[in-house]
Structures are given as structure tokens and as C-alpha cells.
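Asker: Since the structure of chain R is already known, use the hints to place chains H, B and D on it.
Residue numbers (the numbering used here), protein chains in the order written: chain R, 1 to 229; chain H, 1 to 229; chain B, 1 to 229; chain D, 1 to 229.
Mixed in with the good hints, there may be bad ones.
Given that identical chains are not distinguished, each listed pair holds provided it fits within a single copy or across any two copies.
Claimed, not checked - Cut-off 30 Å, straight-line C-alpha distance, at most; resulting in silico cross-link-like pairs (DSBU-like, lysine-lysine):
#1 K83 - K229
#2 K26 - K88
#3 K20 - K88
#4 K88 - K208
#5 K83 - K26
#6 K208 - K170
#7 K228 - K20
#8 K20 - K157
#9 K83 - K20
#10 K170 - K110
#11 K26 - K210
#12 K83 - K208
#13 K208 - K110
#14 K33 - K157
#15 K157 - K110
#16 K26 - K170
#17 K83 - K210
#18 K155 - K110
#19 K228 - K110
Calculated from the structure, these hints are not laboratory results.
Number of protein chains: 4
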Amino acid sequence: MRVPVLAINFKTYPSAFGDKALAIAKTADKVAKELGNIEIIVIPPFTELRRILEAVEIPVFAQHADPYDYGAHTGWMPITALKDVGVKGVLLNHSEHRIRLDEIVHLVQKARELGLETLVCADTPQAAAAVATVNPVALAVEPPELIGTGVAVSKAKPEVITRTVELVRKVNSEVIILTGAGISSAEDVAKAIELGTAGVLVASAIMKAKDPEKVIREMAEAAVKAIKK
Amino acid sequence: MRVPVLAINFKTYPSAFGDKALAIAKTADKVAKELGNIEIIVIPPFTELRRILEAVEIPVFAQHADPYDYGAHTGWMPITALKDVGVKGVLLNHSEHRIRLDEIVHLVQKARELGLETLVCADTPQAAAAVATVNPVALAVEPPELIGTGVAVSKAKPEVITRTVELVRKVNSEVIILTGAGISSAEDVAKAIELGTAGVLVASAIMKAKDPEKVIREMAEAAVKAIKK
Amino acid sequence: MRVPVLAINFKTYPSAFGDKALAIAKTADKVAKELGNIEIIVIPPFTELRRILEAVEIPVFAQHADPYDYGAHTGWMPITALKDVGVKGVLLNHSEHRIRLDEIVHLVQKARELGLETLVCADTPQAAAAVATVNPVALAVEPPELIGTGVAVSKAKPEVITRTVELVRKVNSEVIILTGAGISSAEDVAKAIELGTAGVLVASAIMKAKDPEKVIREMAEAAVKAIKK
Amino acid sequence: MRVPVLAINFKTYPSAFGDKALAIAKTADKVAKELGNIEIIVIPPFTELRRILEAVEIPVFAQHADPYDYGAHTGWMPITALKDVGVKGVLLNHSEHRIRLDEIVHLVQKARELGLETLVCADTPQAAAAVATVNPVALAVEPPELIGTGVAVSKAKPEVITRTVELVRKVNSEVIILTGAGISSAEDVAKAIELGTAGVLVASAIMKAKDPEKVIREMAEAAVKAIKK
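So here's chain R without its partners, still in its complex pose (with noise of 0.2 Å):
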């Protein structure tokens, strides 16, 4: 993974699925290869992978994975069959899909096996710390009470930030961290990165947008002046 990064989670919203899911997974590959210097994610819903996969260049992430491997897993995405579907990567325990320590330990181990790259989120400076231990390439920190709001926890808990750097640094000198929870603007891209970490990741910002076009371009490029700082 490159920085700085732009991980955009579509989450289930409406735009996260079909004909407007693909419009905006290749915006996001457009937006990165006129930039270049920016690490733009895509993270859809398992029923889009396929069809976007084709169609972008950027890396592709799922938004979950299960801890199994191939066999009788009715309903359930084992991680190893994400990995021959064509992913890059994988987001695991979003404040909406919280998982237990052992399985985020196993799941980042076997990813790592595999060749995929983890992005591990934390709603705690303190829980942030304990993903970093486990090293997984990126993680980030998102307070569960801003997501959603459009209030960004760089404008409101800068602390909450700084803090989680200071306490992952003591533990890892080389996971990627990522400030999440409320962004909502190239601001508060900006202000994420001057806070010490290395991008963002972002939702409801993006998927929700009436241009999302925009949105991505202002995010990416305020990220790209901001991290040369």
C-alpha cells in the first residue's frame, strides 16, 4: 500500500451497488492514474467485486472476511476464496462488523499467507495499539459516535489522533495509519495527515455525494499536497 491513501468504504448504501457502484469505482481509478501519487481504495459490497475488479486498476478491497478457508460455510466469505476472486486486500473489524481479537490475529496472519493486504480499523487509541501488534499493513481509527455525522474526528478529537499514533509507534514503526469517522471534506484530509497519519478512510462523504467525482478529487489531491508537507 502507497500514501498517502484514500480508502473509500461503500459500505450497503444504495450507491454502493450496481451500475452507480461502478461509476464510482472508476472515477476513483481515473482520479488515481490522473494523480498518480495516491493510493486510491475501493472497498464494495462481495455481490460487486467481480464487476469492478474488471473494470479498475486501483486496488480492490473487500469490506470483510471470514475466518475460514474453502468448505461447508454456508452464507460466509471465507478469506481464501476472496483472495482467487481477484482482491487486493481486506477491511477488517469496522465499527459496524466488529470481530473478536483472535479472529482479526488469524485473519491477518492468513492474509498475509495469502498475499493480501489488511486494513484493520479501531474505534480506540488503545484498541488501535493492540491491532498494531499484530501487524497487519494498515489500520485505522475511527471513534464509532462521529460515523456518519459529518463531523470529522480530525476537527473534533484531534486527540484522539495524535494519541493513537503516539501509542501504535511504540509498538510498530511501519503499519500505515488512517484517520476515519466523519470525513467529510478536503479539509479535514488535510488535517488528517498534518495530525501524523497517512490518509483516510471515507464513506457516506463519497457515496452520498451528488458528485462524487468531486469529492474524490478534492479528497486525493488535498491528501497528495498534504503529505508532501
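Answerer: Frame of chain R; chains H, B and D shown alone:
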């Protein structure tokens, strides 16, 4: 849903993904068209739904649905979204993916509103009767201890099937009743129908077969023949 | 279980523990003995069961049971152990502690074998009918949106109760039907019985009362009076 | 928590309830007082806590706690209530009762605020390191495949213990590290301490023993002897 029914649960076997999954779905489609008087349903993982939906005309079901509408539900699969993806129905409460009673009630009602069919699993005749009060389109009784064993419930525990039919019919005269767990041969399918059910829910016997077409064809023909009696 | 029923769910309010819990249980015991013709059931947390069992003669139920036998189940509460602790029954599937359908079936059957009574909650008339097929001793219908509100279901949504009675009686002529959610006054209790149920499941109105004895007595008297009609 | 530690998880074995449980707790109390220089902790089921708390002076822990405050949480066990019941600490994240990472973080912090000690289990050295960043008072590494087998981790997989000590000490110099899983004899206890941990978490070897006092005494003496080296 027409009868007899041959419902194929792809689970997450290696053959449930990619070209193998597509080939099995197409084979099922071909056999269904040739025989004409049987409902063959394919039930692939979420990631394979769109590709298979584009390639076949027989009913495609999802293996599970989450009791959500569109929204902020990272990594989950809202039943509303599945409708828009294009499935004809959903499998619910499989023994590998049990859900709460209130979720069964909610999902079956929501599916009905959306025009989706439901096939709800139950592990015992008593659970099947409880499910029947909720009015799904179909239910399948599957003693978990026989699933994946190759020992058919219709042979090993025929009384589970007859008792299920008896208890279910006391509370619901219309729901389609299927037999699951260990169904391995055409003979097992015939037996399931002779015992009073309208078909089978099968997985490993087809998904792990060297020649899935042969198994699908034999089972389908046995079902058609048995239902006529 | 005799009728009418006044089942008091202690939940985990501050008054559900220690001397306050003991006092409320003793009060319920006293009122039950004075009135004679009512079944008052107390349902305290696990930690309080033994103390209360030693102090009262009325039925004591557990708030939940796990579908295990004795064994290696750290931190869970096997239904078998609860029997030996001495409870007369268990509350199952409360809206704050929903369980899977297969667990409801298993626990109700296991309870019957052990000689324990069961009181199973349901959130809708449809779920109540499903529960009724499993033959618990009693069930309570509780629309979750009214729980703890002080707005009684018997006032705000009487049709939920009458519909529950209607659907349940189609499949089970014997199960005792209780009304829950928002029951706050003697009047609510009377209404619940007039609508065709055999009593109430109540929590905050008693556990948060300044004078629990007054509330218990008024509700019990209203139940006795209403049931005679 | 003093060292060395002999923590006895009663689980839900038949001997974990009633008079047998009380007798084992009293025996542990007696041995602890006789030896003086060892921390013997008893960890009984919720229903037995009050009786045992009244009968012994050694630390009594709960087997689990739910991340709730007092309130409407039917059938759950708020950590706040456990404090008031009188336990000295709580066992968390046992392999039979795994919890989410965010719950571990929340419960350990809440316990600290309440003045409760925490003993958090982990299944691997990596998970143990993650747990260590959260600063519980103690942690126990227990490979689940050895739990209840009578094959001690200290014999069968000593590298799990040494690796745990190594990874944990990189991030936390103070947390007490215990060895669990398959501890069956005084020799296993000695080995666990020689490998660098401060004691053991043991269950079946004591709870299923014909003579629990003999096992407790031998293990405690072995721990005291080994820690002096």
C-alpha cells in the same frame, strides 16, 4: 416455486467460486430446461451471484441475507440489496448459519414484501413447525449431524422427515417441504419424495462430484419420476 | 404455572442486586401469599438466585439459560446447572437477549425434561405463534419499541395482543400468554387480561418504583380482579 | 495480584456448583493460607459467587463480564454489578467465551476504574501481545487445542510460552503472564514457571480430581518452589 425441487447449495467449496461455479450453474440450467418439469435452484456465494444470474434462467438464490435495508452496514448483505442484485430468493437459517427467531420472522416478511422467495432450514421437526408458522415459500429439514456425511436423512432417519411433514401440516398446508442432509444419490431423492416432501436441498454430492452433470441429471430425473407417483 | 401471572423481570437494574433485590423478592412473596390466587414470579440475575431462592417460596426463574449441559463452558450458564441451583423455570429469548430458533427449541425441550418451566418472549404475533409451536409453558409478547417506555402495549398497541392471542391459539390451545412491554400500572395489567392474555411480564415499573410493594400489590390485585371476569 | 499465581477456573463442571464448589473454594483458601506466599484465585460460575465470597478470603474472580453498566440487560452480567457483588477480579476472553477486541479494551479499562483486577486469555503469542497493550493485571496464554486434554502446553508446546513472554515483554514490562491449557500436574506448573511465566490457569485437573486438595497443594507448592529459583 414449482415442485419437485432440486435446490443446490454451493456452500463455499472450491467449486462454488469462479469458472467451476459458473459451469455447475449452467449445467443445472441445461438439465432444468431439458426436463422441463422440475425446479432446479442454484445457491452460489455472494461474489458469484451476478455472473451466474447473467448466465442462467433458472432461479438463483443467495445463501443468506442480513435483516437490513440499504445503509451503513459494512460487510453485511441487506436483503433489499439482494433483491436489486437480481436473485429470485434467499436461503435462510442454514445449520452453518443459524439466525435468531426474530430475524427469521423479519426476513421472511421482508422477502415477501420485496417479491423474493424464501427457503428456510430447520434442524428438527419441531423447529420446522415453528418455521412453518412464519409462512416461508419453502422449508428444508436437515439434521445437522448428517450434513455432508453422504448418509442421507431419508435413509438413516426417515422418521425425521415423516414427523416434519406431520408437524408442519398441522400449522401450514401450503409451505413446500424439502429434505436435506446427506442426500447423495438419485435413490435418496426418490426416497425423500416418497416420504412426503417435495424435493431436496443438496450440496456436497453435487459440488464435490467428479461429474456434477451426471449427479444433477440423475437426481432431477429421480425427482420428476417420484413426484408423479 | 397458575394464572393470572405477574412475572417480575429484575433485569440488571441497580435494584436487581443485593439487599434491594432480596427485599423486592420478599415483598413479592408476601403479596403472593396474602392474595393467594395469583402466580407472582421473580426473575433475578444469576448472582442473586441462591439468596432469593432461600428467602422466598414463590417461583424464582433465571433470566436466561445457555443450551449446554455441565462441562467446559467458561462464563456460560448451562440449563442443567440452573435446575440444580433450584430455579423453577427460565425466561428465554427476551428482546435484550435474543437467541436462535434452534436454541429455543432445544432449551424448551431440555427444560421440559428437567422439570423446569419456560417463559419465552416474542416481539411480534408471528414470532409468538412460532414460539407456541415449541410448547413452552408460557410466552410473552413484547414489542421491543415499547419496552421500558412506560407506554403500555395494552394501551398503545392492543391489536398486537389480540393478534397474538389469535395466531397463538391456532397452533397451541394450552400455552399461557402474557403481555409485556411498557406495563406501568394496575390499569395496564387489567387491560392486558381483558385483551385475552393471562397476565403480564413487567420490569422497570416495579424495579424502578419508589415503593415496589405498592406497585406489586396494585398490579396483582388488578390481575386477580380482571381474570375473574 | 501477587506471584506466583494458581488460578482455578471452575468452568461449569458438575463440581463447579453447590457444595462441591464451596468445598473446593474452601480448600483453596486453606492451602493459600498455609503456604502464605502464593496467590490462589478461585473462579466459580455466577450463581456461586456470593456463597463462595462469604466463605473464603482468597481472591474470587468471575468467569466473564459483559460490557454494560447497570440497566436493562436481561440475562447479562454487567461488570459494574460484579464489582458490587464483591469479586476481586474478572476472567475475560477465555477460549470458551471469546469476546471482541473493542470489548476487551472497554472491559479492562472499566475494571481498572472500578478497582477490579483482570485476567485476560489469549490463544497465541500474537494475541497475548495484543492483549498486553491493553494493560490488564494478568494474561494467560492458552492454545485451545490443548485445553482439557491433560497434555500441558508447558510440555507439548514450550515455545508457545517462551514466544509469548518474548512478544509480551516487548510491549508491556509489568503484566503478569500465566500459562494455561492442559496443566495437569505439579511438574507442569514448575515447567510453566521455569519457562518464564508467573503461574498457571488450571481447570479440569482440579475440578475433575478425586482429591482436589492434593492437586491444589501439590501445584501450589511446586509454584512456590519454582518461583524462588
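Asker: Each hint should be assessed against the structure and marked as holding or not.
Answerer: Each hint, compared with the structure:
Proximity of K83 and K229 under a CA criterion of 30 Å is satisfied in neither setting, with 36 Å inside one chain copy and 47 Å between copies. In this homomeric assembly, K26 and K88 come within 30 Å of each other (Cα to Cα) both inside a single copy, at 16 Å, and across copies, at 29 Å. For the identical chains of this complex, K20 and K88 are neighbours both inside a copy (22 Å) and across copies (22 Å), given an alpha-carbon limit of 30 Å. With identical chains, the CA atoms of K88 and K208 are at most 30 Å apart both within one copy (25 Å) and between copies (28 Å).
For the homomeric pair K83 and K26, the shortest alpha-carbon distances inside one copy (21 Å) and between copies (24 Å) are both at most 30 Å. For a Cα distance limit of 30 Å, the shortest separation of K208 from K170 qualifies neither inside one copy, at 37 Å, nor across copies, at 44 Å. When the C-alpha separation of K228 and K20 is checked against a cutoff of 30 Å, the pair qualifies neither within a copy, at 33 Å, nor between copies, at 47 Å. For a Cα distance limit of 30 Å, the shortest separation of K20 from K157 qualifies neither inside one copy, at 33 Å, nor across copies, at 41 Å.
Within a single copy, K83 and K20 get their C-alpha atoms as close as 24 Å, and across copies as close as 16 Å, so both meet the 30 Å cut-off. For the identical chains of this complex, K170 and K110 are neighbours both inside a copy (24 Å) and across copies (23 Å), given an alpha-carbon limit of 30 Å. Taking identical chains as interchangeable, the C-alpha atoms of K26 and K210 lie at most 30 Å apart only when both belong to the same chain, with a minimum of 16 Å there against 40 Å between chains. Taking the shortest Cα distances, K83 and K208 sit within 30 Å of each other both inside one copy (29 Å) and across copies (21 Å).
With identical chains, the CA atoms of K208 and K110 are at most 30 Å apart between copies only, with a shortest distance of 25 Å across copies and 33 Å within one. Within a single copy, K33 and K157 get their C-alpha atoms no closer than 33 Å, and across copies no closer than 50 Å, so neither meets the 30 Å cut-off. Taking the shortest Cα distances, K157 and K110 sit within 30 Å of each other only across copies (21 Å), while inside one copy they are farther apart (34 Å). For the homomeric pair K26 and K170, neither the shortest alpha-carbon distance inside one copy (38 Å) nor that between copies (44 Å) is at most 30 Å.
In this assembly of identical chains, K83 and K210 lie within 30 Å of each other by CA distance solely across copies; the values are 24 Å between and 33 Å within a copy. When the C-alpha separation of K155 and K110 is checked against a cutoff of 30 Å, the pair qualifies only between copies, where the shortest distance is 27 Å, while the shortest distance within a copy is 36 Å. Taking the closest pair of Cα atoms, K228 and K110 never come within 30 Å of each other, the shortest separation being 34 Å inside a single copy and 41 Å across copies.
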